[in-house]
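Here's the letter readout for the chains.
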Amino acid sequence: MNLELITIAISPAVALVWFFYARQAYRPESKGLVTALFLLGFVAGMIALVLNHLVERYTSLWAGAPDVSHRLLFWVLGIGLNEEFAKMLMLLLVLYPRRDFNTPYQGLLGGATVALGFAAVENLFYLERYGTATLLFRSALTVPAHACFTAPLGVAMAFSRRAESLVGKYAWLLVGLAFAVVAHGLYDIWLSLDSVWLNRIAYLHVLLIGLFVLWLMRLRREPLPATPRSPLP
Amino acid sequence: MSEHDPRNTPRPDDSDPTPRDPAEIAVRRELSRHALLHYQRGNRFYDSAAWDRALHEWRSASRMWALARVTGRLVARRLMHLRAALALLLTVAVVYAAVFTFFPRAPFELFLLSGGGTFDTRSWWERFLDNGRPQPGDTHKMGMREWWEHFRRSLEGGDGGQVAGRGEGRPGIDRHWEELLRRYGRWGPFFNYELDYNVIAGYGLSRMGDYSRAVDVFQRGIEHTSEPAKLADLYQGLANAHYYQGYRLQPDGLAKYDLYYVRKSTEAYEKSVHYQPRPVSYGNLGWMYFLLGDYARSERYSRRALQMDASLEYVRLNLGLTYLMQNQIYDAFDVYRSVIRRNPSSDVFAGGINDLREVVRDHPGRKPYAYLMIGMLALKEGDYTQARDALSRFNASPLVSQTWRDLARRLLRDMDASEVER
Chain D
1 MNLELITIAI SPAVALVWFF YARQAYRPES KGLVTALFLL GFVAGMIALV LNHLVERYTS
61 LWAGAPDVSH RLLFWVLGIG LNEEFAKMLM LLLVLYPRRD FNTPYQGLLG GATVALGFAA
121 VENLFYLERY GTATLLFRSA LTVPAHACFT APLGVAMAFS RRAESLVGKY AWLLVGLAFA
181 VVAHGLYDIW LSLDSVWLNR IAYLHVLLIG LFVLWLMRLR REPLPATPRS PLP
Chain X
1 MSEHDPRNTP RPDDSDPTPR DPAEIAVRRE LSRHALLHYQ RGNRFYDSAA WDRALHEWRS
61 ASRMWALARV TGRLVARRLM HLRAALALLL TVAVVYAAVF TFFPRAPFEL FLLSGGGTFD
121 TRSWWERFLD NGRPQPGDTH KMGMREWWEH FRRSLEGGDG GQVAGRGEGR PGIDRHWEEL
181 LRRYGRWGPF FNYELDYNVI AGYGLSRMGD YSRAVDVFQR GIEHTSEPAK LADLYQGLAN
241 AHYYQGYRLQ PDGLAKYDLY YVRKSTEAYE KSVHYQPRPV SYGNLGWMYF LLGDYARSER
301 YSRRALQMDA SLEYVRLNLG LTYLMQNQIY DAFDVYRSVI RRNPSSDVFA GGINDLREVV
361 RDHPGRKPYA YLMIGMLALK EGDYTQARDA LSRFNASPLV SQTWRDLARR LLRDMDASEV
421 ER
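Here the protein sequences line up with chains D and X, keeping their order.
Residue numbers for the first sequence, in the numbering used here: 1 to 233.
Residue numbers for the second sequence, in the numbering used here: 1 to 422.
Bound conformation, chain D alone:
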């Protein structure tokens, strides 16, 4: 794999990171953090690769399972859960404990960045395995799809940070992950069906979630929370 192909594989993800980064309303997130999250997306890709193989290897859930329900569950509990959980793990490790993580847009930017790092490394795998043909389709559909699935998860994490009670914090995290898993799983289900028209529903699916993410991006105008940033009164 030469450098040009690697650049082509990664550039759609980088462009989308810039799109999200450039739309911050105030107090821009540090470029170092965004770069770190993008690189951690690579790590998430590796973790998801291992999780996917473990599920395929040790359970009866796989893409070609004779039982249709097993096939459908594979896309949601296999691929969807594995990939979104791997991305969330990175966010929980780096973004969630930060004391200055308290606005929804920070979560949206963080979620989208990790997802795009993930999509970039996935692009490299697909390039290695299936050649350049897949890059065009993936750049148009799969790369933005990854960002759209995980950005709401990041927003939910920001709301979790703000919640006062433990139950509230946990509930927001769970809702965010569940949304991402179901959205991702459904997208994979559309693509796995043996019909060109049903496959095309995946485009509509990504479009709808994309509109939802655009609506969430309006949250960047929200003022800073009232909680004090310094421990001293």
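Everything labelled a hint here was simulated from the structure, so no lab data went into it.
Idealized CB from N, CA, C, for every residue including glycine.
Treat the hints with care, since some could be wrong.
Distance ranges between label pairs, derived from CB positions [stated by the list, open to error]: (1) F128(X) <-> V68(D): 26 to 32 Å; (2) M208(X) <-> V68(D): 41 to 47 Å; (3) S392(X) <-> V175(D): 22 to 28 Å; (4) V14(D) <-> M208(X): 37 to 43 Å.
Some residues of chain D that are not near chain X, with every Cβ distance over 10 Å (derived) [claimed, not checked]: (5) T35; (6) L49; (7) L72; (8) G78; (9) P97; (10) S139; (11) T142; (12) R161; (13) Y170; (14) L177; (15) L186; (16) L216.
We have chain D already, so just place chain X on it with the hints.
Same frame as chain D, but now just chain X:
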């Protein structure tokens, strides 16, 4: 004590509601203890009329109470984030545990996946990633022109970008015919501007089943060609035609071979690999020597073919047969297990089972281990009737060792359990 005694003023934290979080309570309690010490010290200074020092201590106590309230809340919040994250991780772990518990893989499949065959030359990582499932794709890389064709077909809604499975199957004429057409024929200019009508005609005749005329055409082509690559193609075609001249399909689906033609085919394959060593030719040469009973050469050529192209599953099965005929049961088992783990197409398994049935037919009662291998392949294919029959026959044989008998019993048990689950 006067009415305006500062000791009568309420403490700073008296109006603060009692926290419910244990972490916040702990932090508050610790800071409050220090604040109380300052407060009591201030009282003692006040009693001894050291007003300034008393005021200083009370201020310190006041600051510390305020600090206790805020810091306790912040620490508790951080701990709460940690606990929320841990609770989520626990939830995900429970979901995974449920997935792995309620959707277990069939015991037989796991048995085949466990342990690495000595014949398996893949890296640890490749073996780890081998999930024992058919993979939608291969290592083929598309060039720009092929990419465009693929893209156009996808837009037309043709194959939807699906790539064929990795199974090879026995090297039939159709497959080779297509390959040669691509190289020399109608699709030739796309890849290769050369055209050899003898090759095309020979394969065309072979495909129609007119093997005698195909042999004539190939031999004429050999007389008029000096290019090594074309000679290799022509000899390979000739060898195929000879092989099918001697191939006799029986009503039971098994084949018998006329060894005269097998020898002629072997000679032609030897010449083909002389001009251009190709994995398929070496693999077929291994099969020819197997039919001729020269198992040492069969093993050598099969190994060479696999070294050149490890994806030739039918050659791997031939190698297993060769081991079986030489009574190297562990090696044979290893090879069959590695084929099962690599998940080739059903055609490959069907070919392997037929070859084993031919061994059983030609050596009645003397090769009981062939039944074990038939049982394994049939089980993998989901043909429980054939698998149960073969494994029962294997167990009934007096010539097998207890270890292998135990394995056969285990496979039968797994099969029964799997059927009950169904």
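Evaluated hints:
Restraint check, F128(X) to V68(D): a C-beta distance of roughly 29 Å satisfies the suggested window 26 to 32 Å. Between M208(X) and V68(D), the C-beta spacing of about 43 Å keeps the proposed range 41 to 47 Å intact. Between S392(X) and V175(D) the C-beta distance comes to about 55 Å, which lies outside the given range of 22 to 28 Å. In this structure the hint that V14(D) and M208(X) lie 37 to 43 Å apart at CB is violated, the actual value being about 57 Å.
For T35(D), the non-interface assignment is confirmed: its Cβ lies about 23 Å from the closest Cβ of chain X, beyond the 10 Å cut-off. At roughly 8 Å from the closest C-beta of chain X, the C-beta of L49(D) falls inside 10 Å, breaking its exclusion from the interface. For L72(D), the condition that its CB be more than 10 Å from all CB atoms of chain X holds, with the nearest at approximately 12 Å. Remark: the non-interface label on G78(D) conflicts with the geometry, its nearest Cβ contact in chain X lying 8 Å away (cut-off 10 Å).
Against the 10 Å criterion, P97(D) falls within the reach of chain X, whose nearest CB is about 7 Å from its own CB. No Cβ of chain X approaches the Cβ of S139(D) within 10 Å, the least distance being about 13 Å, so the stated non-interface status holds. With a least CB separation of 13 Å from chain X, T142(D) remains clear of the 10 Å interface cut-off, as annotated. Non-interface call for R161(D) relative to chain X: violated, since the shortest CB-CB distance, roughly 7 Å, does not exceed 10 Å.
The beta carbon of Y170(D) is not kept farther than 10 Å from every beta carbon of chain X, the shortest such distance being approximately 5 Å. Annotated as non-interface, L177(D) brings its C-beta within 10 Å of a C-beta of chain X; the closest such distance is 7 Å. Distance check for L186(D) against chain X: the nearest CB is about 17 Å away, which clears 10 Å, and the non-interface claim stands. In this structure L216(D) is separated from chain X by more than 10 Å, as the shortest Cβ-Cβ distance comes to about 21 Å.
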